[in-house]
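Trainee: Take a look at the letters that make up each chain.
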Amino acid sequence: MLHSYSAPQQGQIMDSHIQVKNLNVYYGKQQALKNINIEIPKNQITVIMGPSGCGKTTLLKSLNRFLELNDGTQIDGEVLVDGQNIYDRDVDVTEVRKVVGLLAQRPSPLPMSIYDNVVYGMNIHRMKSDRKEYKAAVRHYLEIAGLWEEVHKRLHDPATSLSIGQQQRLCLARGLAVEPEIILGDEPTSALDPISSQNIESRLIELKQQYTTVIVTHTLRQAKRLADYVIYMYLGEVIEAGPAKEVFGNPQHERTRAYLEGQI
Amino acid sequence: MVLMKKKWQRRHIVEAVIKSVMQFSLVVVAGALGLILWTIISRGLPALSWDMVTKIPEGGYYMGKGGGILNAILGSLYLAAGGTFLAMVFSVPIAMYLKTYLGESKWGNYVRLSLDVLWGIPSIVYGAFGFTVMIALGMRASLLAGIIILALIELPIMTRAMDEVIRRMPVDLEHAALALGSTKFEVALRVVTRQMLPGITTAILLGFGRGIGDAASVLFTAGYTDRIPTSLMRPTASLPLAVFFQLGSPYPEVQQRGYAAALILTVIVLVISLGSRWLSSRLNKYTIK
Ligand SMILES: Nc1ncnc2c1ncn2[C@@H]1O[C@H](COP(=O)(O)OP(=O)(O)OP(=O)(O)O)[C@@H](O)[C@H]1O
Ligand SMILES: [Mg+2]
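One line per chain: the protein sequences are A and B, in this order. With our numbering, the residue at position 215 of the first sequence is 404, and numbering never jumps. With our numbering, the residue at position 102 of the second sequence is 719, and numbering never jumps.
Hints are computed from structural coordinates only; laboratory data are not their basis. Note that the structure is predicted; figures quoted are calculated from it, not measured. Cβ coordinates follow ideal geometry from the N, Cα and C atoms, glycine included. Please note: incorrect hints may appear among the correct ones.
[Unchecked claim] Straight line, CA to CA, 35 Å or less: simulated DSBU-like cross-link-like pairs of lysine-lysine:
id, chain 1, residue 1, chain 2, residue 2
1, A, 434, A, 223
2, B, 801, A, 321
3, B, 902, A, 317
[Claimed, not checked] Partner residues are not named here, just some residues of chain B that face chain A (Cβ under 7 Å, in silico):
id, residue
4, 632
5, 789
6, 797
7, 799
8, 801
9, 805
10, 903
11, 904
Let's have the full structure, built from the sequences with the hints guiding it.
Mentor: So, in structure tokens, the structure goes:
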């Protein structure tokens, strides 16, 4: 590690998993992200906050190369995952998305059974060799997502027969099944009822030992419950980034302070 | 609970009126359908025999002698199946092109409008058009010509039905699959197809239904013959025309057989639509609404 000999300052992290360097994103002529430089710590939960339209979703989508699904998006700069720039020409985008999983705002199950939803990703990446292994893996990931108990008797029912909260946990299981290292979540609980949200939150906290997690949220309380590291954005810029304790306890910037106070 | 007692306000009256209008329309339609079915069943059933569906017309058939209309049954199945297949070969790419390249643009909507107009053109116009082209090319009435003209008739309805299915494809679904690291081809093959298959099946059967019941267009292009079709270049009989010719006969027995032919046609259409319902409900089980 480059910084290992000097004491880490704010914004510098001992063990960073993702580094964003000089990232600028334009939708057509409009600039959505302005010169972003951040590091995201490994195996912790990073929370991105900021007012609506400040570029949180854009920043998140830059991490799994989802921005390029829109026509007319221009991306400059680098996003390094374990030191490898995911925008390099010889990088396979499907591999990027295998390593960087996404939990969407609203659950979006695939048009197949509960079982097949979990199998889908493992299958396209040819991760298992026989039915037995798939079966075991489906059980394993449904257990991690806290869904096994509820669905083990109806694995071959359509995924849409689940409640929204259950669907979101299914999406979590499905995402984890491709063995990502990073989990992105764009307000992953905003469509859910309080109990289901809490359920997802607990999963994310349990999982953070093994996964680097980046969550966008609008609720400060959720941010405080989840965050180890906080990124505060405003009008396409990162205003403040640092460990949750520091940012929440003693924000360095006027804007961050105002946002945090306005939210209480 | 006095407060919740129903008061006959204006909006309740409006609702009651509208509801009875809707019920009345339903009764009219159901009644008309019932009458049609009753007519063809009561008149056709007595004339329906094993010979009707297994034999071709024998000498003097049109004056009441023996034989059947196997020629027309097979002819119609060949015509409709061929026409549907051909229409499918063209409508899938058109629907895809509409979605992928034209989308909701001005041109996209022009194409949709023209398809809707084509859909509304009476089939006799298609028949006359086909006939003119055939004369210009020096072709005679044949199974092939009938298939081509039926494909043209089925194309608009099939393409538009597919277009609607494709337009209703949720974007989230593609993104969900891409987020797991799918290639675009995998998304198309494993997710999009699954989601759209029931709708596409319905579209194809809509086309088939329109094709098999059409009389006017095949009258000009496929002709009519008492023989079972053996070649694409030969004329062929068809059920709608079998109904038409026999009903026009002065012999009561032959007229009855006309109704029997109508009954056979109805049963074929019924079997196909029930089958397609069953199939799409099977396929529909997993689709995202
Ligand atoms: N597909 C797009 N085309 C054009 N402009 C876009 C597009 N997506 C986002 N933008 C613009 O980019 C800016 C950042 O959008 P983004 O969705 O990243 O904000 P956000 O912080 O996620 O907001 P919210 O909290 O409301 O979800 C906004 O001004 C938005 O209008
Ligand atoms: Mg957003």
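Trainee: Please go over all the hints and tell whether each is borne out by the structure.
Mentor: Comparing the hints with the structure gives:
Pair hint residue 434 of chain A plus residue 223 of chain A holds up; C-alpha atoms about 26 Å apart against a cutoff of 35 Å. At most 35 Å may separate the alpha-carbon atoms for a hinted pair to count; residue 801 of chain B and residue 321 of chain A meet this at roughly 28 Å. Between residue 902 of chain B and residue 317 of chain A, the direct Cα distance comes to roughly 27 Å. Compliance with the 35 Å bound is thereby established for this hinted pair. Violation of the interface hint for residue 632 of chain B is found here, the shortest Cβ-Cβ separation to chain A being roughly 32 Å, above the 7 Å cut-off.
Because the beta carbon of residue 789 of chain B sits about 4 Å from the nearest beta carbon in chain A, less than 7 Å, this interface hint is met. A cut of 7 Å between beta carbons decides the hint on residue 797 of chain B: the least distance to chain A is about 4 Å, and the hint holds. Taking 7 Å as the C-beta contact cut-off toward chain A, the hint placing residue 799 of chain B at the interface holds, the least distance being around 6 Å. Below 7 Å, beta-carbon pairs count as interface contacts, and residue 801 of chain B has none with chain A, the closest being about 10 Å; its hint is therefore violated.
Because the smallest distance between the Cβ of residue 805 of chain B and any Cβ of chain A comes to about 13 Å, over 7 Å, the interface hint for this residue is violated. At its closest, the beta carbon of residue 903 of chain B sits 5 Å from a beta carbon of chain A; the interface hint therefore holds under the 7 Å criterion. The interface hint given for residue 904 of chain B holds, since its Cβ lies 5 Å from the closest Cβ of chain A, which is under the 7 Å cut-off.
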